[in-house]
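Engineer: Next come the chains, spelled out residue by residue.
2 protein chains.
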Amino acid sequence: MTDFATTRARFHLPEGVIYLDGNSLGPMPLAAPGHVSAMMQGEWAEMLITGWNKAGWMELATGIGNRVGRLIGAEPGHVVMGDTLSIKVYQALASALELNPGRKVVLSDNGNFPSDLYIADGLLKSLGTEYELRVVSPEDVAENITDDLAVMMLTEVDYRTGRKHDMAALTKAAHAKGVITIWDLAHSAGAIPVDLAGCKADFAVGCSYKYLNGGPGAPAFIYVNPKWVDQARPALSGWLGHEAPFAFDLDYRPGAGIERMRVGTPPVIALKALETALDIWDMTSMAEVRSASIALCDQFIAGVEAACPQLTLHSPRNGADRGSQVSFRFDDGFAAVQALIARGVIGDFRAPDVMRFGFTPLYVSPGDVAAAVDIIADVISNRLYDRPEYRLKGRVT
Amino acid sequence: MTDFATTRARFHLPEGVIYLDGNSLGPMPLAAPGHVSAMMQGEWAEMLITGWNKAGWMELATGIGNRVGRLIGAEPGHVVMGDTLSIKVYQALASALELNPGRKVVLSDNGNFPSDLYIADGLLKSLGTEYELRVVSPEDVAENITDDLAVMMLTEVDYRTGRKHDMAALTKAAHAKGVITIWDLAHSAGAIPVDLAGCKADFAVGCSYKYLNGGPGAPAFIYVNPKWVDQARPALSGWLGHEAPFAFDLDYRPGAGIERMRVGTPPVIALKALETALDIWDMTSMAEVRSASIALCDQFIAGVEAACPQLTLHSPRNGADRGSQVSFRFDDGFAAVQALIARGVIGDFRAPDVMRFGFTPLYVSPGDVAAAVDIIADVISNRLYDRPEYRLKGRVT
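So the protein sequences, as listed, match chains A and B.
Count along the first sequence from 1, then add 367; that gives the number in my numbering.
Count along the second sequence from 1, then add 367; that gives the number in my numbering.
Honestly, the hints are just simulated from the structure, not real lab data.
Just so you know, these numbers come straight off a predicted model, no measurement behind them.
Among these hints, one or two may not hold up.
Which copy? The list can't say, so a pair holds if one copy fits it or any two copies do.
[Unchecked claim] Taking lysine to any residue pairs in the SDA-like style, the calculated list, with each CA pair at most 25 Å apart, reads: (1) K421 - V503; (2) K492 - L617; (3) K471 - R600; (4) K421 - A398; (5) K760 - A623.
Isolated chain A, as found in the complex:
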């Protein structure tokens, strides 16, 4: 049984801040600067080039991949870290399309993170005009799984509403029609239990700077099902995915298994920061995180709805249908989010009118939620957001 006070004690949280935006960027593990600094001074500085072998830098991408894999129900040895989530979406989609030759349609939904749709569009444009990206509403995905689809590419948890797709059911339905699945776990990994192996998901991708707390721009990950991994042709065929990168052969031969999804030189410094976050994840289980997260979200919904009838719930009311965030719609949402940040309650805003709050039991307690609700009630009821400086739209947070 996890005492979340012990995980919370492992993070730095600024004085006076209630942080409800870990769904966008997780807070810093207290051990991160020291661990990164130790790597830089003890490995980079002292070992120089020999660090690739002596310090095990070359194995970090798969070693850490396994630790992430445990949190998303992947078979051991089937997750590797690297690049950014957008790149990993591209990689997965390019491979998946080739594994389903003869079909040219990719199904996604308009609640998918836009970058996934942009990347798909960019890839399909490169492949030719016979390819189609078909985008439907999240609620309509199931009825649009047809046998002309090559790939169904979805983000499990909607970044705006927190609405959660039924990964097991949709994957099963897709397979019944001969469709390969790609699941983006950006708002799932570290937020909710994921069972990639059990769902027989084909590909999955995700980032590590949100719920996993790896730091700004932390590396992404990719999972490939054992059924496909040795058949998948890497479109991004970089040297570290080669069977023998240091043979410097002129011809590309993909490495065994998930190794082939590596591309270029791994980001060692960033991977070291992520290691300290995964040490905290080792202290708990996704099942415990999930039940605590649902309780926090339910508490938040009840508190805000009671105090702020001006706000309209924009997330599923039933915890099992949500990820680990709660969104409310409010016409003055942008200004309200700025006013809340000024009061120390950090959430974020998503156009056109969505106030979004993430809940992560690792470092957010029921007391934090109660305090946040009080501040939100004050800001909304007393229109404290109604000040010109809160309406200046620079880049939104």
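With the hints as your guide, set chain B onto chain A.
Structural biologist: Positioned in the frame of chain A, the structure of chain B alone reads:
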């Protein structure tokens, strides 16, 4: 006039080590751990998500791109950091091919870094069987520039021999035949003066962990000529290359200029380490680095040739035709490199028999070269490499 003792003093170099492998991984700027730690503790920890605006994380990729751009003769505002070099090769090649529709052949040479060839092969396979990757010897590139080529993709300095292509002449010859050029500057940036603008190079890419000293897995960069940058369609169309990433539109519209070559969330921690390296680069000029580097390489060649007739020079003898490295061929080269590393002279080995040494005046002095030559003479003349433990081939360094 740069006193290279002052730049050397800004790096950590381990006691007893003469480091001649900065062409593979540069040493650590002494300021790097503190700067990274300050960013983590002062920005990530304290600002959390608001760091993207408050700490300027979002502008790092272009700001640092400009600082790298100065070292490679790019027009201001035409270089952006991100991803890995292999990804940037893919990006450049995908865009370049579309800018030359109707032609389907990519010319490269067999001295190009294998990952560039792998990436090209992977992309061309995705695009279709009508595409061809034509690989010739480095010496034969000029005569193979024909008007059926879409793109000429070369690494300016050969990673094995240090042989330097004539970028200005080859670019001019390519343009005369309607061929778009991509220059990989992996062994050029920070090694030799590069004049991208003057050469009218179309695309250029490179990494920052070699001569630029950004750390293991430091981010790559891409340059696009002003002539093309607003026409180039990004195949890797990620959200940060979008005209308005935070509008979360469903349709991709490429950003203005080089911004469109951004893909995913930038690697903030790694970019911070690189900043400290660029502070050192601000202390000197590429012209001074180049003349000092040629002197170091000439001294090394003369010393090794005088002491070790067993070794055969594998680099151009004329400094102007070389990058900033010197290679020798030697049948027992693998074992000899291991023996040298054991004696504190760190170079590296490239199959089948190449001993490779990089020279970087920022932190390698004529005294270091003299000492390295003495140790090499001892190891070779007295066959000190002839021990079983030096013949164990694990991953080469």
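Engineer: Taking the hints in turn, state whether each one holds.
Structural biologist: Do the hints match the structure? See the list:
| no. | hint | in the structure |
| --- | --- | --- |
| 1 | K421 - V503 | neither (50 Å within a copy, 37 Å between copies) |
| 2 | K492 - L617 | between (29 Å within a copy, 16 Å between copies) |
| 3 | K471 - R600 | both (17 Å within a copy, 21 Å between copies) |
| 4 | K421 - A398 | both (23 Å within a copy, 24 Å between copies) |
| 5 | K760 - A623 | between (49 Å within a copy, 20 Å between copies) |
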